[in-house]
Amino acid sequence: MTHFIIRRIIQSLLLLWAVMTLSFILTRIAPGGPEAIYFENRNIGPEEIAAIRRARGLDDPWFVQYFTWLWQTITFDFGVAYSYARRPVSEVIWTKLGPTFQLGLISYLIGLIGIPLGIYAARHRGKFGDNAVRIFTVVGSAVPTFWLGLVVIIILVNTFKWFPQGQGEGGPLSWFVHIIIPAFILSSGAMVAFTRFVRSETIETLSQDYVRTAKAKGISEKQIRNWHVLRNSLIPVVTLLGALLPTVVSGAAIIEAIFNWPGMGQLFITAAAARDYSILMAILLMGTFLTILGTFLADIAYGWVDPRIRYERS
Amino acid sequence: MKKRLFHLILLAVLVASLLAACGDSTPTTAPATTAAGTTAAGATSAAATSAASATAASATTAAATTVAAGSEKADANGIYPLIKYPVTPPQGAQKGGDLRQVSLTKQLAVSVHPYPNNVDYTASWTDVASYLFGSALLDYDAFNLYWRYGAAEKLEVSSDNKTFTFTLRDGLKFSDGSPITAEDFVYPVEQASKDDKENPDNNFVGIDNLQNIEKFVAKDSKTVVCTLKTQLPNNLALSYCGANTPIKKSLWSQYPFYGTDKNPEILKPTVTSGPYKLKTFSLDEKIILETNPNYYKGQGFYNTLTFLPSAQPTNAYESVKAGQNNYADDISPTQYNEAKANQAVQFFEWTSANGTYRYIEFNMTRAPFNDIAMRKAVAHAVDRAALLKASDNGLGALSNSFIQAANKTFYNPNVTNYAYDLNKARQILKDGGYTLDGDTLKGKDGKPVEFTVVYPTSSNPRKLQATYLQQQLKQLGIKVNVDGQEFNAYVAKVNALDYDISLGASGGGIPADPDGSKSYFITKDKGGTQNRKGYSNPKIDELFDKAGTEPQTAKRAEYYKEIQQILSDDLPVVFLYTLIDFSVTTKDVVGSKNNALDRMYYDEQLSLWAPKTK
Chain P
0 MTHFIIRRII
10 QSLLLLWAVM
20 TLSFILTRIA
30 PGGPEAIYFE
40 NRNIGPEEIA
50 AIRRARGLDD
60 PWFVQYFTWL
70 WQTITFDFGV
80 AYSYARRPVS
90 EVIWTKLGPT
100 FQLGLISYLI
110 GLIGIPLGIY
120 AARHRGKFGD
130 NAVRIFTVVG
140 SAVPTFWLGL
150 VVIIILVNTF
160 KWFPQGQGEG
170 GPLSWFVHII
180 IPAFILSSGA
190 MVAFTRFVRS
200 ETIETLSQDY
210 VRTAKAKGIS
220 EKQIRNWHVL
230 RNSLIPVVTL
240 LGALLPTVVS
250 GAAIIEAIFN
260 WPGMGQLFIT
270 AAAARDYSIL
280 MAILLMGTFL
290 TILGTFLADI
300 AYGWVDPRIR
310 YERS
Chain W
1061 MKKRLFHLIL
1071 LAVLVASLLA
1081 ACGDSTPTTA
1091 PATTAAGTTA
1101 AGATSAAATS
1111 AASATAASAT
1121 TAAATTVAAG
1131 SEKADANGIY
1141 PLIKYPVTPP
1151 QGAQKGGDLR
1161 QVSLTKQLAV
1171 SVHPYPNNVD
1181 YTASWTDVAS
1191 YLFGSALLDY
1201 DAFNLYWRYG
1211 AAEKLEVSSD
1221 NKTFTFTLRD
1231 GLKFSDGSPI
1241 TAEDFVYPVE
1251 QASKDDKENP
1261 DNNFVGIDNL
1271 QNIEKFVAKD
1281 SKTVVCTLKT
1291 QLPNNLALSY
1301 CGANTPIKKS
1311 LWSQYPFYGT
1321 DKNPEILKPT
1331 VTSGPYKLKT
1341 FSLDEKIILE
1351 TNPNYYKGQG
1361 FYNTLTFLPS
1371 AQPTNAYESV
1381 KAGQNNYADD
1391 ISPTQYNEAK
1401 ANQAVQFFEW
1411 TSANGTYRYI
1421 EFNMTRAPFN
1431 DIAMRKAVAH
1441 AVDRAALLKA
1451 SDNGLGALSN
1461 SFIQAANKTF
1471 YNPNVTNYAY
1481 DLNKARQILK
1491 DGGYTLDGDT
1501 LKGKDGKPVE
1511 FTVVYPTSSN
1521 PRKLQATYLQ
1531 QQLKQLGIKV
1541 NVDGQEFNAY
1551 VAKVNALDYD
1561 ISLGASGGGI
1571 PADPDGSKSY
1581 FITKDKGGTQ
1591 NRKGYSNPKI
1601 DELFDKAGTE
1611 PQTAKRAEYY
1621 KEIQQILSDD
1631 LPVVFLYTLI
1641 DFSVTTKDVV
1651 GSKNNALDRM
1661 YYDEQLSLWA
1671 PKTK
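Sequence order for the protein chains is P and W. Letter by letter, the first sequence follows residues 0 to 313 in my numbering. Letter by letter, the second sequence follows residues 1061 to 1674 in my numbering.
Worth double-checking, as some hints may not be accurate.
[Claimed, not checked] Derived pair list, reagent style EDC-like, types lysine to aspartate or glutamate, alpha-carbon separation capped at 20 Å:
1. W:LYS1586 x P:GLU46
2. W:LYS1584 x P:GLU47
3. W:LYS1523 x W:GLU1546
No lab work stands behind these hints: they were computed from the structure.
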């Protein structure tokens, strides 16, 4: 196991470096640059643009820019955010992390409802309950979240005025009323995924010989469900849990834009539009790191959940 | 069977919902940076006032003014008296409460430096700074479009019109109760005038205006003397010298003037000079201001002003309609009809003296638009009325100039009008040596005429204009390619002159003196920083130069009228139309009204609004 962990750490670091290098290249080769913000400023002509680019290091040779960025990243210096009055990037991200974390965590928890839903559907396979859940998952997969968000806003927010937009400013109740709709819509993808995976795994587990044997031995339904079926059905869920971890902090750009939620997703869009490379790279780094970490933790958990799996030195 | 029927019904409901939800695409507006850039034209200070474009009323389309025209008199310098805030709120209203203003953009002001740099000067900065920073020597009356005394109670002008001596009135205080002295006016102008050539990001956005000032000194604690380098038109001179707001020198001088990491006053000012002071600053979430009890004009009726972003342009109006917010200073054109008909809100609609105008810009450095015949043909091929209807829902007025028709002093109504006439367009092309081969127009070189229209995809109206041009010019046998680019990419193409036609929009903000538009038309290496079309006419350069220094308004008007005629003849751009402005407030906001400019909040008007008595 120790060898496995060490090997995975090394692989993860290499993967992180490769992804970030590719991100660096892609952000730099995108047309245009931070000078777009000065487009209508009559004080800023070509000479001033050139001076600004020099001051920001954007006219240095590409390898100088790359290694400067790499060294700063390794030393946890993420630079300043030019589109945020040159505040430290870490400070800007920190202010956005709170709203995104709240939204991501709540949606993550709501998404877990898919687990009991999947189990319910499997246990009532072929019946009304199962059909209803299956229709829900098909619709949930097909309907784009941005469309769903807009429809919800039109009907529940603007027409019936049942829910407000933006972040709540009052106490816990106000916070809950503001967050529940965007969190629910954001969770729809995860909920559908959990439901489908758990349902199919549960159906397969229920048809296993040991389950039939347990029933023949007279063990109660509840005991069979909790001790034999559930644990085996949740193995793929572990993988999903890890894969969804980055969304808790990396933000959902579309949902945040629709619901006026001032989180990391909106920050990314703003930074991309302004070509604020410092913020872009910091967010990409964070997202990549969390994705790799989530997958790594999922692999570890996999071995814990399923004793048949052992990570041994090959 | 029942199961199948159930599935079919569910499917039908879903399809119906999908069709119902589909409608007009959410319109996009130019990014805030573009709007901010146009607002920056002519700005000299935090109060965001600039040279008046006319001394007389250009407010023919304005709503009721705060003071009836003709009921007050200007002094010998053409400056009108100060108007203090009323002590009691409007009838039916009370003091107190929170006015919530929602913007059209998702990013709020990122800093509140009273003399912002080029990056931080955004539309949202203007929203907030207009109420944090005040006490300028002179104020610009947004209704009548003339200057009033502000912190200064007297002005003496030297005989050569170069030296302006302002005497401060008694009782001026910062928000912490400390007195405002002449040094507090001089200090920020000195600092903001410094030109950091190594890093222009450290420069004040209005530095070019301040660079007209030779000296800006405190003669004593109550006297500020401003000496210009050259004699200038009165309105420009008053703007450069009189529109600067004070900063508490004893506080700010401890820190670098620019640099958020070293100057805490930039992000969280503790001492302000306007009708409100800062209470809360949450990045991109909200900015809350509270009344400043020490403001010399009086106190605003709302206890607090809250500024909020809007993730999408349509959200602003929706939130006012839902009663979540009180005021949206601009709303999406697609919501115009509904907002106008909605009895639950107060809807304001007007044509401002500084409205946004749209235009077609030609790249004159290469074929085919280095040929005046082609430019004129395109001008005649555009049905501007139809274009206005198609791309901006008809919400505007046709325009032939960069100067608004409401600006009667400088506007030239007699420039060449390129009326929509396809036959005339064809004739011009024929006379110009172009030939029609079947359905294809060929140039003098015998090759088919083909060009590209570039526009930013963030602007839905310009996307519609591009499509219109493509269809319209096809009737002349011209193949038009439409190239929508993300905004940064669009800017890169235009800056590199890698386009044939660009669809532009300008104007907005406070009324720029026509001098503020010269950078679009004078030769590039003579200061034409916004001239991205390769246009150069020495006569235009000369006329703008003369008009920018001529003290007599009548003479200036002659120069600008001639400029407009020449531009109409040379046709580096085709002016299309000027957009009307509209805003909404909730019914419980008493006293809200529009002025002659494009934003209701100019001239500290929010201080005079009050919540309805409950």
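Tested hints:
1. W:LYS1586 x P:GLU46: 13 Å, holds
2. W:LYS1584 x P:GLU47: It holds: about 14 Å lies between the C-alpha atoms, which stays within 20 Å.
3. W:LYS1523 x W:GLU1546: Holds: W:LYS1523 and W:GLU1546 sit about 12 Å apart, inside 20 Å.
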